[in-house]
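Q: Below are the chains, spelled out letter by letter.
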Amino acid sequence: MTATVRPYAPTPSPDAREPSVRIAGVSKAFRLPHQRYATFKERALHPFRSTKYDVLQALDDINVEIEPGEFFGIVGRNGSGKSSLLKCIAGIYSIDAGELTVAGRLSPFIELGVGFNMELTARDNVLINAIMLGLTRKQARERFEDIIAFAELEDFLDLRLKNYSSGMGVRLAFSVAIQVEAEILLIDEVLAVGDAAFQQKCYDEFQRLKRAGRTILFVTHDMGAIERFCDRAMLIDKGRTVMIGAPTEVARRYNALNFGTTVHQLSDDRLRAGEEMAGPVAIVDGWFESRDGVRIAALASNEECCACMEVRFNERVEEPIFGFTLRNEVGSTVFATTTDHLHGDTGTFEAGQTAIVRLIFENYLTPSRYNLTPSVARQGAGADALDLREDIASVVIHGGRFTGGIVELPHTFRISTR
Amino acid sequence: MSSDSVARQVAPSALGDDARRFFNLTVTLARTDFKLRYFGSVLGYVWSLARPLLLFGILYAVFTIVFHAGRGVPHYPVYLLTAIILWTYFTETTSGGVTCLLNREGLLRKMRFPRLVIPLSVGLTAAFNLALNFIVVLGFAVATGVEPRLTWLELPVLALLLATLALGVGMMLSVLYVRFRDVQPIWEVTAQILFYASPIVYTAKTYPASVREIAMINPIAAILTQMNHAFISPSAPTAASVIGGTARLLLPLGIIIVAAVVGLWFFMREAPRIAENL
Chain Z
1 MTATVRPYAP TPSPDAREPS VRIAGVSKAF RLPHQRYATF KERALHPFRS
51 TKYDVLQALD DINVEIEPGE FFGIVGRNGS GKSSLLKCIA GIYSIDAGEL
101 TVAGRLSPFI ELGVGFNMEL TARDNVLINA IMLGLTRKQA RERFEDIIAF
151 AELEDFLDLR LKNYSSGMGV RLAFSVAIQV EAEILLIDEV LAVGDAAFQQ
201 KCYDEFQRLK RAGRTILFVT HDMGAIERFC DRAMLIDKGR TVMIGAPTEV
251 ARRYNALNFG TTVHQLSDDR LRAGEEMAGP VAIVDGWFES RDGVRIAALA
301 SNEECCACME VRFNERVEEP IFGFTLRNEV GSTVFATTTD HLHGDTGTFE
351 AGQTAIVRLI FENYLTPSRY NLTPSVARQG AGADALDLRE DIASVVIHGG
401 RFTGGIVELP HTFRISTR
Chain W
419 MSSDSVARQV APSALGDDAR RFFNLTVTLA RTDFKLRYFG SVLGYVWSLA
469 RPLLLFGILY AVFTIVFHAG RGVPHYPVYL LTAIILWTYF TETTSGGVTC
519 LLNREGLLRK MRFPRLVIPL SVGLTAAFNL ALNFIVVLGF AVATGVEPRL
569 TWLELPVLAL LLATLALGVG MMLSVLYVRF RDVQPIWEVT AQILFYASPI
619 VYTAKTYPAS VREIAMINPI AAILTQMNHA FISPSAPTAA SVIGGTARLL
669 LPLGIIIVAA VVGLWFFMRE APRIAENL
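Top to bottom, those sequences are chains Z and W. Residue numbers for the first sequence follow my numbering, so the first one is 1 and each next one is one higher. Residue numbers for the second sequence follow my numbering, so the first one is 419 and each next one is one higher.
None of these hints come from the bench; they were simulated from the model. None of the hints are false.
Rough simulated footprint, nothing fancy, chain W against chain Z, three-plus residues with beta-carbon under 8 Å:
hint	segment
1	86-93
2	104-114
3	122-133
Ideal Cβ placement from N, Cα and C applies to all residues, glycine included.
Throw the hints in and build the complete structure from the sequences for me.
A: As structure tokens, then:
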């Protein structure tokens, strides 16, 4: 579909060992006055109070070196300082302390479509934007065709931008942005819009940039993109570095930070409530475990998962049937299973005994929050539950692709012709 | 914060390190602004001409019919019109300068570029307007009997002096406005005072002898007076003769230079933190 693909000039690297971006002990604080004295009158009336302000430490001693050709992700929750870091690297904010060196030409913008004017046509905007990004008027004109071809917007050139859909706008902006002759690109939260086909095109373009030795710094909430494209990632929280490492590790930590790490140990109250249960059997706890037996609240998809319940028997029960049901966010039952006759004997439990039942399963779940409902039933035709706890625990599955499906079945394709 | 610990090219600045990009950006922003100003209006550019012409019509009517201000002034309508377009340039640059940084917040927060581009582009947009308006004035002047003379060559110099003053003030106001929102009404009032204190609806000869030399320290007064002499009527006094000696012209000239230097210095001082203070 792309008419012409202009090859990227390989980045000249005079000294390959020199990092593209070196951040050493960088700190940045914003001074937020308690009351903003925005007028002379207020200042005149309260000449001394104006010294009161909160210091918001947006960045606190950040250290990282980003190598040439690296695709580096920066993740963090809202307000963690990740965008501030990007703005410091971009030279939009000044830093208070530390050293920040950049080797190579830096792309001047951190967001797509900066400087787009809704009143002007796509044609004008492309030229203006290209000049803002550092091209000359002549270069902008020369590359105009390529830009439009890449954005696939040939038919909408003379439409004002305000009549564009947001996706079309992003396509245009991205197409202009990749024309910038920068060795280091900084990108803040892109590609949230744009249809799947164009997103794929953008990611292909990223790969091309990467092969050409460009360095890309990328801020996002999208762990999928981090895991898919980044060589390394960094997690920051409250202005501090939490970790720098492999994208999957960082994504896991990010989700842990977001959804809480290891789960609530059940409170004593609840356990006692279980003991006091009048019934013959009480489920006193339920949780999810990782492969290595740690209680978890979040898990990457495709990682082996274990759903667990702790059952206290108040009377002797022979061959009870343990059941697990998983429901997703919207309440659909995604999976349900029981230890019925197919699983063989479960054993006999005496009064006062406690059993821990683990359901180990290949994790074919797609990203969502899943709730666990464990149940215990007596052997027999009726199989009425001795105890059942709705949504006793939950786990967030992250990573992987968002496919729209509720499970990611293991699969292969076979294509043949008749 | 010690600036020497911050390494190259990553700190925001007023001037940047790429002169070509600085120039391209200034021109592009100015062009876009100019293009957008009357975008979507049927008459387009005519409106930017209509405003000074309308002001001219009103002031001409009021000050010739009611106050007889122009009596005895050769080519008074030409003087009034020229003074108005020069004044329009000055207010567009300065009043536009007040809000320019805030209007460009999106750019300032999302892109690294020399911060000075913004007030300069405002001045450039106003200069486009001035140039177009001046063509009309020129036609008007020649049609009403003003004769072309070699001293017209002084006009670009005078325009440059006015631009220097306006940009100096504009730079200063733009960064002040980021911190204090009352700069806008204060400047509106100041501009009104300056309008009547400057020889726009009258000429410098109208100043009472007692205040004439003081009033002429106002650089706009000096520029307009010299403009009258060089452009319209050779019989009109030069700025030097009204202020009382060529040496005294150093005062308005000094004000222009101080405004430009202080404005630039202040802007450069504030430039690194404009984005976060917005």
